[in-house]
Amino acid sequence: MSILVYTESENGKFKKNAFEVTSYAKAVAEQLGTSVTAISFNAEENESLGTYGAEKVLAVSNDRLTTFNAEAYAKAIAEAAEKEGSQVVVVSSSANSKYLAPILAAKLKAGYAPNVVEAPSSTSPLTVKRTAFSNKGFAFTEITTDRKIIGVSNNAFGLNETGDTANVEDFAPTLDDADFSVTSVEVDKIAGKVSIADAEIVVSGGRGLKGPENWGMIEELAEVLGAATACSKPVSDMGWRPHGEHVGQTGKPVASNLYIAIGISGAIQHLAGVSASKTKVVINNDPEAPFFKAADYGIVGDAFEIVPQLVEKLKEFKAQNV
Amino acid sequence: MKILVCISNVPDTTSKINFTDGDTKFDTNGVQFVINPNDEFGLTRAMWFKEKQGATVHIATVGDASVEPTMRKALAIGADEGIRINAVPTDGFFVAEQLANVIKDGGYDLVIAGRESIDYNGGMVPGILASLLGMNFVNTCISLEVDGSTATAVREIDGGKEKVQAELPLVIGGQKGLVEESDLKIPNMRGIMMARKKALNVVEPVDATKATVDSKFEKPAPKGAVKLTDSVDELVSLLHNEAKVI
Ligand SMILES: Cc1cc2nc3c(=O)[nH]c(=O)nc-3n(C[C@H](O)[C@H](O)[C@H](O)COP(=O)(O)OP(=O)(O)OC[C@H]3O[C@@H](n4cnc5c(N)ncnc54)[C@H](O)[C@@H]3O)c2cc1C
Ligand SMILES: Nc1ncnc2c1ncn2[C@@H]1O[C@H](COP(=O)(O)O)[C@@H](O)[C@H]1O
Numbered sequence: 001m002s003i004l005v006y007t008e009s010e011n012g013k014f015k016k017n018a019f020e021v022t023s024y025a026k027a028v029a030e031q032l033g034t035s036v037t038a039i040s041f042n043a044e045e046n047e048s049l050g051t052y053g054a055e056k057v058l059a060v061s062n063d064r065l066t067t068f069n070a071e072a073y074a075k076a077i078a079e080a081a082e083k084e085g086s087q088v089v090v091v092s093s094s095a096n097s098k099y100l101a102p103i104l105a106a107k108l109k110a111g112y113a114p115n116v117v118e119a120p121s122s123t124s125p126l127t128v129k130r131t132a133f134s135n136k137g138f139a140f141t142e143i144t145t146d147r148k149i150i151g152v153s154n155n156a157f158g159l160n161e162t163g164d165t166a167n168v169e170d171f172a173p174t175l176d177d178a179d180f181s182v183t184s185v186e187v188d189k190i191a192g193k194v195s196i197a198d199a200e201i202v203v204s205g206g207r208g209l210k211g212p213e214n215w216g217m218i219e220e221l222a223e224v225l226g227a228a229t230a231c232s233k234p235v236s237d238m239g240w241r242p243h244g245e246h247v248g249q250t251g252k253p254v255a256s257n258l259y260i261a262i263g264i265s266g267a268i269q270h271l272a273g274v275s276a277s278k279t280k281v282v283i284n285n286d287p288e289a290p291f292f293k294a295a296d297y298g299i300v301g302d303a304f305e306i307v308p309q310l311v312e313k314l315k316e317f318k319a320q321n322v
Numbered sequence: 001m002k003i004l005v006c007i008s009n010v011p012d013t014t015s016k017i018n019f020t021d022g023d024t025k026f027d028t029n030g031v032q033f034v035i036n037p038n039d040e041f042g043l044t045r046a047m048w049f050k051e052k053q054g055a056t057v058h059i060a061t062v063g064d065a066s067v068e069p070t071m072r073k074a075l076a077i078g079a080d081e082g083i084r085i086n087a088v089p090t091d092g093f094f095v096a097e098q099l100a101n102v103i104k105d106g107g108y109d110l111v112i113a114g115r116e117s118i119d120y121n122g123g124m125v126p127g128i129l130a131s132l133l134g135m136n137f138v139n140t141c142i143s144l145e146v147d148g149s150t151a152t153a154v155r156e157i158d159g160g161k162e163k164v165q166a167e168l169p170l171v172i173g174g175q176k177g178l179v180e181e182s183d184l185k186i187p188n189m190r191g192i193m194m195a196r197k198k199a200l201n202v203v204e205p206v207d208a209t210k211a212t213v214d215s216k217f218e219k220p221a222p223k224g225a226v227k228l229t230d231s232v233d234e235l236v237s238l239l240h241n242e243a244k245v246i
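Protein chains in written order, with this note's numbering: chain A, 1 to 322; chain B, 1 to 246.
Among the clues, some could well be false.
Coverage of chain A stretches by chain B, computed from C-beta distances (three or more under 8 Å per stretch; other residues unrestricted) [what the hints assert, rightly or not]:
| no. | segment |
| --- | --- |
| 1 | 104-110 |
| 2 | 172-185 |
The calculated DSBU-like cross-link candidates involving lysine-lysine, where the alpha carbons are at most 35 Å apart (straight line), are [said to hold, decoys possible]:
| no. | chain 1 | residue 1 | chain 2 | residue 2 |
| --- | --- | --- | --- | --- |
| 3 | A | 313 | B | 50 |
| 4 | B | 185 | B | 50 |
| 5 | A | 210 | B | 244 |
| 6 | B | 161 | B | 197 |
| 7 | B | 50 | A | 16 |
| 8 | B | 223 | A | 278 |
Beta-carbon label-pair distances, calculated as ranges [as the list claims (entries may be wrong)]:
| no. | chain 1 | residue 1 | chain 2 | residue 2 | range |
| --- | --- | --- | --- | --- | --- |
| 9 | B | 54 | A | 242 | 44 to 54 Å |
| 10 | A | 33 | B | 215 | 20 to 30 Å |
| 11 | B | 105 | A | 184 | 26 to 36 Å |
| 12 | A | 321 | B | 88 | 54 to 64 Å |
| 13 | B | 167 | A | 315 | 51 to 61 Å |
| 14 | B | 184 | A | 45 | 26 to 36 Å |
To be clear, the hints were calculated from the coordinates, so they are not data collected in a lab. Computed from a predicted model, the values in this text were never measured in an experiment. Backbone N, C-alpha and C fix where the C-beta goes; we use that ideal spot for every residue, glycine too.
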């Protein structure tokens with residue numbers, strides 16, 4: 001009966017979204033009068049999920065699952081859902097969760113609502129509010145199947161420390177070679193760099209920065225803030241920055257706490273992808289730039305003057321506030 | 001190689017989004033519909049397979065007759081023929097089951113869909129489809145090559161990328177990166193003329209699961225005015241004391 005939540009980890013450590021989806025699952029469990037069971041893969045400190053409301057953790061340890069594999073993970077989660085009799089499965093909005101959720105939906109014959117921003121607004125039928133039209137609107141989606149999958153938007157629900165420690169049980173899902181028919185050849189991640197999906201702060205540069213050689217100050221600003229770097233579409237199209245940094249409607253979505261846009265005009269496709277960020281700051285020398293209408297704070301001025309000043313000021317601020 | 005590209009018909013990216021009928025329906029008034037951008041990248045990659053590896057490329061859309069102009073555009077870009085499944089696409093499960101029904105006996109080696117449609121952002125059709133068909137599946141695909149019966153793909157992951165390999169038949173959820181931006185084609189006159197003569201077969205839907213219903217829509221709350229400042233000191237203080245984000 002319990003709510004099942006898939007908690008993601010990397011190199012054994014839970015990601016922050018693992019705690020957020022567990023907090024979300026707890027809220028759903030309370031509405032439905034049940035408890036939360038988490039499933040984790042090769043994670044350490046499984047008890048810690050208890051803090052966010054998990055009563056039980058099904059801990060999978062399996063060398064074949066060290067690298068994420070959507071089919072195999074989905075199969076394991078489906079088996080856990082069967083075992084627990086879970087009617088609701090909660091996942092995050094990470095690239096991996098979005099990869100496995102539809103496979104899981106097919107396995108469980110479950111309706112799936114992605115990009116959900118709030119606890120269910122009704123439990124019968126189960127109805128969730130989610131972003132749609134690339135953040136230009138919200139949909140209230142009823143999931144009408146017996147089993148249901150909810151994908152929680154990054155950073156939308158937050159963390160709730162409601163519990164204490166969870167009971168950890170080993171769980172060995174039945175997997176066979178066919179579940180590994182998509183094989184990982186190579187994973188290429190820049191070590192020590194915050195990803196746009198996980199970042200609380202994102203610093204983004206546009207065509208106003210004139211050329212790739214001017215990104216040093218953007219990197220510096222990101223570094224003082226512990227932020228990820230991003231860019232507008234033309235910047236990646238021109239090869240100034242890698243494609244993985246392109247944010248917006250056709251790039252990565254951003255839902256950070258703080259988004260700083262530098263030399264970006266604020267085209268509708270750009271705004272669609274970044275507007276889920278809570279606080280937006282714009283630095284642009286054109287007071288008429290459309291982004292100012294979508295921002296919380298702004299400085300009208302030349303990025304080449306403002307950004308270095310901001311970096312210095314933030315260094316001072318950080319030195320005083322550690 | 002036989003390829004099927006799944007095309008979803010979506011509002012142009014510049015569209016203003018409004019709702020009608022007591023906020024229960026998307027208002028299509030004045031909205032221009034286009035090939036979903038993620039599908040356009042996939043279609044363009046399919047054209048590469050057609051030119052370089054002699055692939056045959058079909059397209060399929062679940063939709064009523066109003067989607068035909070978008071399908072004709074895909075044919076004008078170079079797809080060989082189209083299949084329209086005559087049903088309103090209300091739900092990801094339903095759409096996947098309709099597509100699976102035309103794909104299962106079609107002898108396709110590769111099914112190219114998009115990571116998500118930019119309208120309802122479901123991101124679920126390709127994954128459900130692959131599962132229903134028992135085909136391999138790679139999502140957020142930014143590069144795809146096929147050598148014999150083996151596909152090598154790169155998928156975007158949070159904070160990097162991953163190269164994977166899988167045997168055909170394969171379904172991908174594609175996105176920007178599959179081709180260069182400059183490879184995207186605007187159909188020329190000859191393409192448009194030829195597209196008129198290409199087969200666009202209409203098939204009736206099968207009974208299928210409806211798993212979700214969008215019962216109501218809402219627009220984001222209007223944004224308050226921006227606070228402008230000309231001092232970085234003030235900005236840092238606002239971010240710390242007011243917004244509490246640093
Ligand atoms: C189908 C489609 C999908 C798209 N998807 C996306 C998407 O996902 N993401 C995206 O970003 N775009 C997308 N676009 C492109 C979008 O329409 C805009 O062209 C793009 O966002 C503009 O990028 P920009 O703001 O960096 O450049 P510009 O519009 O050229 O703006 C540069 C800005 O820099 C300012 N500036 C110049 N010099 C300085 C200075 N010294 N200091 C401070 N400011 C300065 C200028 O005032 C200007 O506002 C898409 C377009 C289409 C057609
Ligand atoms: N009505 C449809 N007809 C054909 N393909 C579709 C349809 N809806 C979605 N797709 C495909 O599935 C992908 C993901 O869509 P979605 O799951 O709706 O976000 C799209 O990019 C298309 O390739």
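Okay, the hints, checked on the actual structure:
1. 104-110: holds (count 5)
2. 172-185: holds (count 5)
3. 313(A) - 50(B): 56 Å, violated
4. 185(B) - 50(B): 14 Å, holds
5. 210(A) - 244(B): This hinted pair holds, its Cα atoms lying about 31 Å apart.
6. 161(B) - 197(B): Between residue 161(B) and residue 197(B) the Cα gap is close to 41 Å, so the pair fails against 35 Å, i.e. violated.
7. 50(B) - 16(A): Measuring from Cα to Cα gives roughly 44 Å; hence the hint is violated.
8. 223(B) - 278(A): 11 Å, holds
9. 54(B) - 242(A): 44 to 54 Å: 32 Å, violated
10. 33(A) - 215(B): 20 to 30 Å: 24 Å, holds
11. 105(B) - 184(A): 26 to 36 Å: 32 Å, holds
12. 321(A) - 88(B): 54 to 64 Å: Because 55 Å falls inside the window, the suggested range holds.
13. 167(B) - 315(A): 51 to 61 Å: With Cβ atoms ~53 Å apart, the hint holds.
14. 184(B) - 45(A): 26 to 36 Å: Violated, since residue 184(B) and residue 45(A) (Cβ atoms, about 47 Å apart) do not stay within the stated range.
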